[in-house]
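Chemist: For chain A, the structure is supplied; the task is to place chain B on it using the hints.
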Amino acid sequence: MPDTPPDIPLVKMRGITKRFGGVTALSNVDLDAHAGEVLAIVGDNGAGKSTLIKVLTGVYQPTEGDIYLAGEKVDFASHADAIELGIDAVYQTLALADHLDPAANMFLGNELTRKVFGITMLDNKRMRSETERVLMERLGVKLKSLDAPTESLSGGQRQAVAIARAVYHEGLRVLVMDEPTAALGPQETARTLKLIKTLKAQGLAVILISHSLDDVFEVSDRIHVQRRGQCVGVVKASESNTQEVLGLIVGAEEAA
Amino acid sequence: MATITAQKTLSERMEPYIAIIGPMVMILAILLFMAVAEPARYFRATNLNLILLDAALYMPMAMAMTFVITQRGIDLSIGSIAALSGIMMAFLIKQYGFSVYVAVPIAIMLGAVMGLINGLIITRFNVPDLIGTLAMDLVYRGFALVLAKGLVLARFPDFLTEIGRGQIPGFIPIPVIIGIATMIAGYVLLTRSYFGRYTIAIGSNPEAAELTGISVNRHKVYAYVLMGACAALGGVMLTGKLNAIQATSAPYFNLHVIAAVVVGGTSLFGGRASMLGSFAGVLLLSMMINALVTLRIEFFWQSVASGVVIVSSVALYTWMQKKDRDGAGGLFAGLMTPDGQKMLRFSAALIGVLIALLAIGGLFAGDPNPSG
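Just so you know, the sequences run in chain order A and B.
This note's numbering puts the first sequence at residues 1 to 256.
This note's numbering puts the second sequence at residues 1 to 372.
These aren't lab readings, by the way, just hints derived from the structure by calculation.
Predicted model, so just to flag it, every value in this text is computed and none were measured.
We treat Cβ as the ideally placed atom computed from N, Cα and C, and that holds for glycine.
Check each hint, because a few of them may be wrong.
Below, a sample of chain A positions facing chain B; criterion: calculated Cβ distance under 7 Å [to be verified]: (1) 92; (2) 95; (3) 98; (4) 100; (5) 108; (6) 109; (7) 118; (8) 121; (9) 232.
Calculated Cβ distances over 10 Å to all of chain A for the following chain B residues [claimed, not checked]: (10) 188; (11) 192; (12) 297.
Chain A extracted, bound-state conformation (with noise of 0.2 Å):
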């Protein structure tokens, strides 16, 4: 594509096709995220936006078409391969146990340990110390309790955590992110857009999937459209309107 920044894109995705028996949900798409790029994906509802986003992170492997990433060519067995590779995911229900509190979920299934008497036991002091930390250097979140249970959490909080646990994986290189600003007021959406723009300001590339066109051009570089299991355009979010990118996912475009 000859509007992109010239370095290799962190991901390129090429001719992805994903068939579900008779159902195509994707067909031939293409796609490249950038490092330090917000790359929004939009389309309507069955547009193929979070089957696209599962051959991504691995979840779903495609019936055709090659991913790679930094240049490489990659292949997904499952999300953890996917997120092995740096590639990660905060899901739209955020994925988190309610009942445990911030640090446990942002080490839920990778728990720091110690050794008393030589038996491993969690080191909950040091994951709440860690929590803090990675939540203050990374996304400038202070949480007044981090003793309490995360459903006492606000919304915009509990997606903090969810985010704290992608990023505080050295290797993270691509966050995904699920109609972040879904269930959120307008004061949280606006720190979660923030939090997004301090991700990229980090070097992530981040792809961001959202009904709301007000949020995607608020912090994304370039939009990707999907209409139908195709992509049928990417426009530099600074070159493009509201009115355009409605008429590309409606498929208005086409019939003019």
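Modeler: Same frame as chain A, now just chain B:
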């Protein structure tokens, strides 16, 4: 993102302590009531010893059941596991001449294996825990009956009776030490181990646990294995306490242990665990039953009292955990809604029919022993 500025409400600040407040209030109520009704007999050292001795039997099982219930599971087979492993241990000692020091660990391992079977049935064959363990309860009880028939196996070596009712002179009974030690181990396990952490995560959000790479099924099996081993330990302690075991022993273990755990604030809906609460729950039930005995109330009322305590405490916790109570407008407001009115009329009709039938029966009642 700014820090939370909103003032926490009282109920929010109390949230972490709710688990322990419930049983503590009820324990206090029993103490106060007994202080008025029967202080002399209830507060004797020997009676307190009796309460502890009774509670100790249930402590290991309540500890394990806390893990099972926190994972959104339930185990209804523990009474039969206790009986069957007790019987098998008794046969090993009495009939095959096994040393008691080997037979006791064997019994506990047998319980663990029975727990493993429960866990595999639930996770591999996808049988719901309620049905799976209920059916296995029949199986284990059946095996116990097949093995022992109507036999009562009695008189065991001292080591076993020491486990069941021994006393460190001038101190507390040995089973109490065992019970409290298992509860402390359970607390450490819950708060400091992978198993405990994943138990809460699985109960809180199974999908999230799966997504973060936790092996949900394996940790479920662990919980049932722990449950089985602790049920067998309960069976060993019971055998020692009575110095006898038979196939029909330990019929009330299931509900008693589940009641203790639930009364202690561990949520039946998963994710919320309180080991301290389970400890308090066990104490509460033993104190209540002992109080009933002290008041010379017939044994069969214990069952009524246990049931009432379970229902009221679960209802209480559910009510306390409901975030939005404002709309409810009190306990009786619900009766005023159209649906409430229908339910009221339906209940009234049911009770009315019952009363009518009783009246008819009474009117036409003849000599109670006509056929003599």
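Chemist: It remains to establish, for every hint, whether it holds in the given structure.
Modeler: Here is how each hint holds up against the structure:
Because the closest C-beta pair between residue 92 of chain A and chain B is about 12 Å apart, greater than 7 Å, the hint is violated. The beta carbon of residue 95 of chain A comes within 4 Å of a beta carbon in chain B, closer than 7 Å, and the hint placing it at the interface holds. Here the hint on residue 98 of chain A is kept, as its CB sits about 6 Å from the closest CB of chain B, short of 7 Å. Because the smallest distance between the Cβ of residue 100 of chain A and any Cβ of chain B comes to about 6 Å, under 7 Å, the interface hint for this residue holds.
A distance limit of 7 Å between C-beta atoms decides the matter here; for residue 108 of chain A the minimum to chain B is near 5 Å, and the interface restraint holds. Annotation: interface hint on residue 109 of chain A holds; nearest CB of chain B at approximately 4 Å, less than 7 Å. Because the smallest distance between the Cβ of residue 118 of chain A and any Cβ of chain B comes to about 14 Å, over 7 Å, the interface hint for this residue is violated. At a threshold of 7 Å, the smallest CB-CB gap from residue 121 of chain A to chain B is about 4 Å, leaving the interface hint in force.
Residue-level restraint check for residue 232 of chain A is violated (minimum Cβ-Cβ distance to chain B is 31 Å; threshold 7 Å). With a minimum CB-CB distance of about 8 Å to chain A, residue 188 of chain B fails to clear the 10 Å threshold, and the non-interface call is violated. Against chain A, the non-interface label of residue 192 of chain B is violated: not every CB pair exceeds 10 Å, the least being about 4 Å. With a least CB separation of 39 Å from chain A, residue 297 of chain B remains clear of the 10 Å interface cut-off, as annotated.
In terms of the numbered hints stated before, the structure departs from hints 1, 7, 9, 10 and 11, listed from lowest to highest.
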